[in-house]
Amino acid sequence: MDTSSSKLVRSHCVGTTAVVYASDYLNKLTGEKIEHECRRQLNCGCRALVIDFSDTKLVNSIGVSILLGIIDVAEKCGARIAFSEVNNETVQLFEMLGLTRHVVLAKDEREALMNLSHYETAPIVH
Amino acid sequence: MSSRSPSENFRRILGRVVQQDFVGRASELERIMVQAEPANAGRGLLLLMEPSAGVSELLRQAYDQLFNLRSDVIPIYFAITPHETTAVSAAIEFLNTFVQQYIAFRRNEPVVSNAPLTLQELLELAPPADLEWIEQLVESYNRLRFGNDDKALVRFCLGAPQRIPSGRGRAFVMLDGSQLAEYLNGAVVLGTEILRVFGRGRFSFVVAGLRRQILEAAHDAKCDFELLDTLRLEQLDTAEAAKLVEHVARRQQVATSEIARDLLVQQFAGSPFFINIFLQAAREKHASLSSYVDCERLYVDELFGGHIHRHFADLLEEISPRLDTRHLLIRLLWEAAAGEDQVSSFEVWRKRLHMTASELEDVLHRLHVQEFVNWSGVTVEAGAGPQAWKDYLKIRYRLDVLNEPRALVVADMLADSLKRAPHTMARHYKQIADAGLRDLISRFNTHRVPAVLFDYQSFTYKYKGADSDAVISGLAAETEFFKLPQTIHLASCAAFFSDMRQICEEDHCLIAHTFEEGSYSDAQQVIWLAADIKSKLEVDLEVTRAWCDRLENMAQRLGFTRFQIWLISNEGFSEEADKLLQRRRVFNSNRQQLGLLAARISETVATEVVQTSERNEFLMVVPMGEDNELIAANTAEQIAKRLSFRPEAINQIKTAIVEACINASEHSFSPDRKIYQRFRVESDRLVVTISSRGIVPANLNGANSGSETKQAAEERRGWGLKLIRTLMDEVEFERVDDGTSLRMTKYLRPQKSANE
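Protein chains in written order, with the working numbering: chain P, -5 to 120; chain C, 200 to 955.
Chain C extracted, bound-state conformation (with noise of 0.2 Å):
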């Protein structure tokens, strides 16, 4: 069975968006469909729900893709709301979509699965072959409905589909929104007597909701784990959050720039829930979104009393409906989330919200499953959930615990939002830059690699000054060898000790367990320690020698009986560091020699060049890297031509533009590896405006550290703005949200000075 139909003829029935907005759950929506195929009639699929992932749509996706299909898959599409306050009367309606949906199907009407219908206007509506199993279905319901029997009615209501007749067709009925299941008053657990139903139903099924409640509902309910497949959904990957924005903004008409989008993806950390209420609050203040402040500002409004407000209220409400209590536990979620221990006991929390233990229990387990807090039945501990959580608490604790004046906690939430937001951006950038390592580690799989790339010194020898050709013809040539070992597990070497994130970042020391030839022995367990030293030119024996004694004093700590350090840096190391790192063993490599090892490993991308212009300005694109400021070098010479520049002065601007390029492609941890170059033609004067993305340097204008010697060597590679500032006859760095961008201005005769 496909998942696409023909465009043209494809009928929106549910879905809320159409085919081609619905962005980001491409290989989940195919997986649903994969779950209605006769292969795996009478299966079930557990949709297990990171909080705010958003499910709704892909499922109202799928009910239209399986509509439009017109197969013999009769597509049920149902979602629990807070409307049904009991699981008898969230039965009922699950009954009469049942049966509005699958006239609608029988009938090919698309408009009857959203009519507003009766069961005996639906009896009227349902085609003759059905007339008759239709009526009965009714007709034994409405004697269970004036019974006492309330789980009866239950169990009946969901278990009808199993009642269609053979030769009409399969349900496939996909439930939405069991989340709210366990809050529904009553005797009956709805979420546990759904799963207990489907699961003998015969019928094939999802069920969607929290992944920590559906799991315990499925246990509760002793489904047969045979018979359900599970699949996770998480928040979106980057890219695919990125264009969701682009989607949805488009779609309500919201304007947004590429900082703004990038900065809500992060912000969001990819959640679809967040990124459409949040873009839909754009569209009703008609607020356009085009710079931090703009994002930050309309966030703290929807903190403050926006959707954002309402979601959360709404689910503090439901984890604990009386307000005297639910003020004691924002006061207490917020001081434990704050606090240095965030770890504490069940009677800790007991006491200070004056509740019975039973009481306790049933909000712990509410806050668990929203991923609020880890219960463990013993401790809890605090601080998880989303940002937008850790905000909304922190002012709800200022205005309803501190009772401080409104008007400074709005400023206050609004100048950390600011100040965060290039944080966050840099975290960000800083993990894709980093992710080089930690991928390439993760893919090693007994590929066979050119020694030399594990020794920087020989490597040095051999190919320094030599082009990336004959470097690449020369490593075919290599006659030594090595074999990686095979990685099965790889984390942070903060994962295993918590004081290395002040060393270093996170992802720049890593631990891998792997196992030479890919045999699984003791003899053949190697754990790999690397570590990538960050130093603009060769590491010296005194940083070298530190590095070493850590990462063997961590083996010896874990209790590593064989493990093989590998340390990285930009530049290599020194020859004195060199002869220490051979006589211990350790590999190490510059990054050159990283890249060819991935090269070696996988195939890398190409990247694009992208040149537009208009009357008075050009403006272009390069990608970083491989001599490419020469281009827009020559373009400003050319540039500068056509404004009669005396030569000296062609050379000093392209001089300037070429340290400036190198400067953005040295110092950003640029997220998308190019420059952007805008030539401004004046009457008078060339303004040439070099920019980048990524993270402002810290470093930029002169600050250092480090020794005197490696402080030196440095400040010769910090030459650059200094030259720039010579060169050219003004230089200033504008303000950007995201990385750096440098205006540099070349008159066409010299300025006279304020004197003259």
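Bound-form chain P, shown alone (with noise of 0.2 Å):
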């Protein structure tokens, strides 16, 4: 496996929601990398975030609180997020630490990018 802590991080928006890609291993480094960019993306007016984790092979824990940090993130913004391509192993991982609890796990990007327009369209309901 290639180490990508040197690579930058991948993303593009699709309407207002960005689309930022992990990297082959997910650790403290790349970890800090997508929830800069995703503070990014939030700050510049995005209402949703999918991480897409077809290139991700390996996650560690901190990698893990470091997601968690960002779906804090994103509710305080009040922006919803979903995971896209998550493998296997990883989706264990993520369901033996109670992230799945708090994030849509969908099969592919497109898939993640259609659940989040139905959310976004949805009519806000007070």
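Hints are computed from structural coordinates only; laboratory data are not their basis. One should not assume that every hint holds.
Unchecked claim - Heads up, incomplete: computed chain C residues facing chain P, CB under 10 Å, no partners named:
#1 D666
#2 L842
#3 P846
#4 E847
#5 K853
#6 V857
#7 E858
#8 I861
#9 K921
#10 T925
#11 L926
What the hints assert, rightly or not - Here are the simulated lysine-lysine pairs, DSS-like style, with alpha carbons at most 27 Å apart:
#12 P:K22 with C:K733
#13 P:K22 with C:K921
#14 C:K921 with C:K733
Glycine included, each C-beta is placed from N, C-alpha and C at the ideal position.
Hints are included, so try docking the two chains, each in its own frame, into the full complex.
Rendered as structure tokens:
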């Protein structure tokens, strides 16, 4: 596995949803990069986040801890968040650490975007 | 003059170890060789030795080097031993040694240096060119010997080296063990007399002895300090002491482990004397030293009846020859050391010991010279001396004063020593870890550094998530700089306020006296108060405010008019805390900023990777950090594939290994910053052991403290072990003396339960 500490975080926007791509190993450094990018996107007005794990082979507990922090930040901003293309082993890890209770898991980026757009267009009921 | 000699022709004469085995004193040996150079002719060197720092072999090695050089410098080595009972007999022995070693050098026959020869026999061996002046020397000696003037005889003998005729070489006298000189009987105080005669003798010399005694003797002898150099001989540093343990253990054929080696270094505080006699005892008792238990068993044996026991018993007998007084002295020394207030008056000591003032002065002087007490003339401070001395006193007190059963005292001492061993190592590891901040501040010397290194939030905003190359190039492009002051004095806050010890580790809170621009004026003087706050997360407002208040209060109490507070924490400070820090103009940095600051000031040292393997076992050592846990995880993957583990299980093993490595890196003050991995392949399982040296974390099993919000966040970062237990079939901490060792087993097939 190539450690991707030195790589930049890839991201793009679809409407008001930002898609951020996690690297092959999610640890403290790469986690912080994702966190930084997510905060940046939220500050720029994004209303939803998709974190795509299609390249991610391994996640450590510090990485998971940072993901929880991102979920907290998104919730505070009133933004929704989905994880896409998470491999089975990582899903198991997320389940063990209670992450799946707070986030929508989607098969792939397209499904994640569809899920989020559904929420985006739903009327806000007070 | 070079201290290096071609080893193939090098002859060992007085040295007890071969040149290559003499470790730890290279710079001191070099300094002695410099003293022998023509430029230093007529000058003296005082070797001021810390008790038990060892000096004899250093001088013997210097003798051998000078002898082998064959220059015009004639080495003379003389050790005053307890066998000489008076100053006169010691001086006569010196004369004999001088003539003998002079002839050995002139004949180039090392064997003459060691042979038991009388002056008459030496005359027969004298080279023809020297016979006349040596005969005259012996005749003069014989005349004085049978006179009544002891002082004249002593001075004649000690001054013999200056009688060498010109053109026959220059004597370089090395006198060893003068700590015994003062205890000799008779009217002449030998220590003072030696320095008086040598100081006026026109030959170069080295006088080595206990630092307090030698300095006092030099003042008493009214030495011309313009012609005297001094060299302080202290205990070895950790690396040199470790090397010494390895060399001596090899020489004495004692099996040792790295863990035992490091414990001995710390327990004996790098003392060559104790290290040597301890390993000698191990050889005599055919003891191997692999674990803490091995070391402490032998240590306790030594305290109760070995070399260490004899050393301290002899010293106590010298200090207080009368048995009844010695008994009282042991009691007083122990009670004073163990009591809350270790300082008491001279009068209290006099009453407790039932002595006259002059008798007590004599005893206190000897205790002071050995550095067992600090005696100012008015007050006596007990509790000083090496750990072995304190342990020896304790057992003597319990056996002789309290009359406790010997078996009980032995068992207690062994248990106490064993309990102390991990603490001794933990203290050492913490010192290494803390040395970073202390070392960094001590090296402040008007360097220009990016100001962002002292502002965590700005740094985070600019560089969070950036890789190290990007951070470095970003810092290089910074336009705002801060010029560090020059540090002139650095001490722990605890040195100013002892109650700080209850708040944080000694080196976590420091006070540095500095000058801006390296300009020494009131206007440029700034006192830095730096605190390293231990936290795994960003420090919150409450804790930040408490530290700001504490340090400001400290500065006010100490009367610092200009001061700068600098707070450091592993993960920096929260946004709320930052606002406070900005308002109060407090510098703040996280660990990464600290590392970058250190890198700006000096180069960092690279680490190394070692990998070995055996038939069914793979061993690997990787440095901590740099995502190196992935190397371990990938290795495990390859091995697990050979065993045909399912992909899911392989991923579980990899995750567990990654977590174990992170734990090892995050939770220990590892001295070598390495993670040791063992992969053992069995028919139905893979056993992975991840070890690291350092401190066993107290909260490894889930214990926690602090506020609720902090606890929740800390828990997130404490998931590692929970995760490992879920992912692997068996997880067990192995008992090791030093650090942690986590053994994890994954079975090829799921284990059947006991009911099946």
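Mind listing which of the numbered hints don't hold for this structure, in increasing order? 2
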